[in-house]
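Whenever a hint applies, use it, and build me the whole structure from the sequences.
Letter by letter, the sequence shown follows residues 1 to 447 of the working numbering.
It should be emphasised that the hints constitute simulated quantities derived from the structure, not laboratory data.
None of the hints are false.
Listed below are the simulated BS3-like cross-link pairs for lysine-lysine, each with C-alpha atoms no more than 25 Å apart in a straight line:
1) K356 / K255
2) K209 / K190
3) K218 / K190
4) K218 / K230
5) K255 / K232
6) K390 / K380
7) K218 / K380
8) K371 / K255
Being a predicted model, the structure only gives us computed values, none of them experimental.
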Amino acid sequence: MARKYFGTDGIRGLANGSKLTPELALKIGMAAGQTFVRGDHRNRVVIGKDTRRSGYMLETALTAGFTAVGMDVYQLGPMPTPAVAMLTRSLRADLGVMISASHNPYDDNGIKLFRPDGYKLSDELEEEIEAMIDSDMTQFLAHGRDIGRAHRDEDASTRYIEYAKRTLPRNIDLAGLRVVLDCAHGAAYKVAPVALWELGAEVFTIGDKPDGFNINEKVGSTAPEAVAAKVKEVRADIGIALDGDADRVIIIDEKGNVVDGDQFMAVIAQSWLEREMLMGGGIVATVMSNLGLERYLGSIGLTLERTQVGDRYVLEAMRSKGFNVGGEQSGHIILSDFTTTGDGLVAALQLLAVLKQQDREISEICARFDKVPQLLRSVKFKSGKPLQHKQVIQAIADGQAMLGLGGRLVIRESGTEPVIRVMGEADDAALVLTVVGQIEAAIRDVA
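Below, the structure written as structure tokens:
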């Protein structure tokens, strides 16, 4: 069933554009609020946001919608997405909401919803809410004493900081480590530096001065050059780059080189295997993860379970098949012993623990395997369905034939922006370049 509002990760779009408006946010508040009204207690919802200017507008509209159907609202202020998921559970809320467009530019925004247990909504629940949004909801309006009220939760930051610190293994602190932390001028700009400092690290923070418009601008996990430069400048042991809502993380080694999510997951998988913490006999990752990761895991007796792109699909596979480590090459790392969604800070703490335990350079620790040549291109399109065009279908078939059984092609339409992702992978780098280029050209011809 085609969905009108929800995409692969909540609702996202240009703030005050054709889709994401205060009117829609109000209706989402009413529809989602009514869906999660349960029992005869005062139902409550927690709302967090990143640092975009439009977050104030959407927060106010959502609050109006929730209170209109009788829910009490606890406004958390700027807070990482994983913190909202955690606080939804901790505060025994009936619903959690995060206002963020993650790594997108400041003029975009989005709305993510969490169930009482801190997990994202199922497709079925999202479809139920969509149907209500386009219906007459006046029958659900509360009256008199039943109308909800809004509160500002001033203790939320402290709760999350203490929670994150407790995920570090016992008898380990970060004393002696020089850490560069890039908060992307985003949701973690307050909590992440405090957590690392309280654990003993010497913290050099960048991307910690949001103004409502500079989120992800030349900083954060999508622009690791900033943290890499700072690492070399202050001779840090490691760089940590979060994205706008801090649910993903990219690591920079002491030489200023990027460590992607695949190498990150390899380190955690082996560390947890040695500590007898790893469950499921392997990890879960998406079709985008490098073949080198799969080969490495096999060499230490572990498996790689692949899913379609999207952290929600990684988490679904983890839960259904008994894994407790999963993630994406882009830096979404899910450690289900601690979290119900990707958490950049908590994942980074697990890597910092290995760094302290092994007393080696991070460049050595995170060089677990040689990557198989992989190329990813993003091709913009204006409208229509380019992947259904005969010319593109033929180009994809030809490309797969050229790569043979030892190579992989992954072509998909982004769920958050109008682009086609074209990924090719094989041991022959020149062949990968040729194949991806041909498919990219075919898409551009019809897009």
